[in-house]
Every structure is written in C-alpha cells, then in structure tokens.
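Construct the entire structure; sequences and hints are all you get.
Number of protein chains: 2
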Amino acid sequence: MMRRLYHIPLSPFARKVRLCLAEKMLEFELIVEKVARRRPEFLAMNPAGKVPVLVESDGLVVAESSAICEYLDEVYAAPGLIGSDPIDRAETRRLVAWFDLKLGREVTANLVFEKVIKRLEGLGPPDTTAIRVGRQNIGRHLEYISYLAERRRWLGGDVFGLADIAAAAHLSCLDYLGDVPWAVHPLAKDWYVRIKSRPSFRPLLLDRLPEMMPAAHYDNLDF
Amino acid sequence: MMRRLYHIPLSPFARKVRLCLAEKMLEFELIVEKVARRRPEFLAMNPAGKVPVLVESDGLVVAESSAICEYLDEVYAAPGLIGSDPIDRAETRRLVAWFDLKLGREVTANLVFEKVIKRLEGLGPPDTTAIRVGRQNIGRHLEYISYLAERRRWLGGDVFGLADIAAAAHLSCLDYLGDVPWAVHPLAKDWYVRIKSRPSFRPLLLDRLPEMMPAAHYDNLDF
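Quick note, the sequences are listed as chains Y and E, same order. Numbering-wise, the numbering used here comes out as the position in the first sequence, counting from 1, plus 2. Numbering-wise, the numbering used here comes out as the position in the second sequence, counting from 1, plus 2.
Among the hints, erroneous ones may be present.
[Claimed, not checked] Quick look at which bits of chain Y chain E covers, simulated, 3 or more residues with Cβ under 8 Å:
{"no.": "1", "stretch": "64 to 71"}
{"no.": "2", "stretch": "79 to 91"}
{"no.": "3", "stretch": "188 to 194"}
Derived from the structure by calculation, the hints contain no laboratory data. For every residue, glycine included, the Cβ atom is placed at its ideal position computed from N, Cα and C.
This is how it looks when you write it as structure tokens:
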C-alpha cells in the first residue's frame, strides 16, 4: 500500500508535512479528510480529529504535524531538515513553534479559518473582525521574516530546513487568499521567491479550492 | 554562572522544563519573569516574550518549551525522556502536543490564565464564562489520561517520559487551583499519585503564589 497523508488543501500543518515528504523525495498519496464530519475511522487514527495524519506503507499511523516532521527526519535522515547540532536544532524548533503557534494563531487562524475552512465545512459566515485582526498582524510577522532573511541564508541558519518549511506552509495558504502584502516586505518576498521555485513546492501551487480561485500571482514564480 | 530558567510559577510550560531538568539531575536557578512588562533584555532572549527561557552556564539561550525539552534530551541524554525508537518518540510527541496545545487551550488557558495570570499581571477581572468552559472541558481530558493509564505503564508507553511530564505540568497548575475532580477519575488519580511522589516534582509542590494559597491537598502525596 502506498504511503498516505490525510490533509485539507489549505491546512498549513498538512502543507508543512507535504513539503517535508517532498524534500526527502518520499512518495505519498494525498487524501482530503472532511474533519468536521468526525469519521470514527479517522478519530481512531488521531483522537484530536485534525489533519495531517500520516499512514506509512506498513500501516503505521503518525499524527500531529510536529511529531510527523520529527519522525520523518529521524527515519529518513537525508536531507536533514532540523539542523546538525543541538543549538541549531533548538533554533529551528523555536522558529517552527513561532510560525505554527504564534503566526498560526495571530494570522493564519484568523484568515484561513474564517475565509476558507468555515465555508468548506459549513460553519457559518466569516467573522469580519477576525479577518481585520489577521490582516493587521501579518505585517509584524513579515518584518520578523525579513529580519531573519537579512541575517541568515535561510530562516533557521545556513541550511534550508523546517523553519523555512513551516513559515512557507503558512504564507502559501495566506498567499492563496491574496492576503500577503509582499510589495512592502521585499526581503521576505525574496526569501519566498527562493522557496517557491523548489520542486517540493510545486504541488502546493497546483492546489485549487472548489469555487475559490487563488490570487492571480499565487503560482507565478516571478510574481 | 549557574544555569538559569526564567519562569512564572503556574506556567505549565515552565513546569514542564523544570521537571525535565530535575529528572536529568541538572541544577538550575529559577528567576520569575513578569512577562507583561516586556523587558527589552528578556525580549532579546525570546522575541515571543514568553517563559520558559533557559540560559545555560556558558550563556547559550534556548527559548520555547518544546525546543528546550528536545535540546535537553539531546545534550543530556540520560535518562531519555522522549523514547528510544522513532515510533515511540512520535507517540510521545503526539501526546505532548495534545497536552500542551489541546488541554492547554481547552482547560489550562481558561482556568490558570483567567484566575491567576490576569491577577498577577494586572490584566483585569476573570472571565467567568471562560472559567466555566475550562471546568467543563477538564473531564474529557481526565478520561483520556485514564484511558491511557489503563493500557500503559506510563502515558507514552512503558517508560516514564515527556508525555507524563507535559500532562503533569498542566494538571499540577490546575490542582493548585483545586480545579481537578480527581474523585471521579480514579485511574488518572493513581497515575498522578505516582508522578507526585517523584523527587523531581517536590519543588513544584512548594510553589506558593502571593495571596493565593493552593488547594488543601495540593502538596499531599496521599490525597
């Protein structure tokens, strides 16, 4: 049986795992899970009821994006995505938590959840206050990415890795919605242009939501 | 210079790191950080402005509790707290995320933030709706702990580790407030009694907030 990843197209956490798998050249099949249905078979795999969930070809189930990425880096070591010494690894993990938890809560949840997930899952109209808050918060995060990108080759240090992947997973969802003010953050844009041209990123640029086209520049490598 | 940990007494994330340090027999000095003051020197160590922050004796700064625990397990390997093979490690990390993120958001944030942090940091009166929601949610988490404790020696598997530490870090804060209905969850209670008697737990049981005594059984090993 082929390796499977349960996901939803604009889940930044599922996108993070898709990028890890692709960077490690691991083949997998994508399955869209309607998490709001709370399918018993899905809850048995992940009692938290969330995507992503990875099922290896031998049936091993791994749930929770942070656990999946660490698992993939331990089992399929090349290329390493977390860093080589404990200090670099701590910095990568600090940044992954920053993007997944802080940017995730302050920006992505406000914009992607309100504009996309609520519609796809039939959870009612978007909360316009949340959308305004998300748009206000994104600038500070793009400034932080610019700050890092000015001082380091990649966000976590000299080597491309999970900090870049986590940040790009969130920003790619926001970029689908046209909510990233790239023009006023050129250093963050330069970093994202470099990420966008990686082969691992191509499948994400081909994602299309039903009845909701991406921003015009979404899949343009020279936007 | 002695190793330092910046914390606040009822931060479950700081308690998780305190337990890791103590299980590994590493000495450290605790420093209370008033995070709401946003001290520039503290923000320079952790731009997220949160505890815990670990400063090693050589000055190395490690921020974000998940990154600190992984760092400690890599640098001070014995006793290992995450597991020995990648599958056990993935299960430990899944549970740590469950307790830190799901129980953290559904229960601890509602109770500890509203009842303690708001008062200590002068952030206004508690939101009684949030407190009611937190009390409603805790039962389901104690059921999950009971479910795990019935099937495994420790929550993550055969060996005491970070899943137990993360769960106990949250529950010990809630127990200080008297908000854990132990009597109706005897399996979870049995597990907590075993944790509570570990030497690493003793310093947590000695914590006292200003003008807010703990529940009567808080530091009782045979409650």
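Verification of the hints:
Requiring three or more residues with a Cβ within less than 8 Å of a Cβ of chain E, the coverage given for the stretch 64 to 71 of chain Y holds, as 6 such residues are present. Chain E is given as covering the stretch 79 to 91 of chain Y, and this holds because 3 residues of the stretch bring a CB closer than 8 Å to a CB of that chain, at least three being needed. A count of 0 residues in the stretch 188 to 194 of chain Y with a Cβ less than 8 Å from any Cβ of chain E is obtained; the coverage claim is therefore unmet, three being the minimum.
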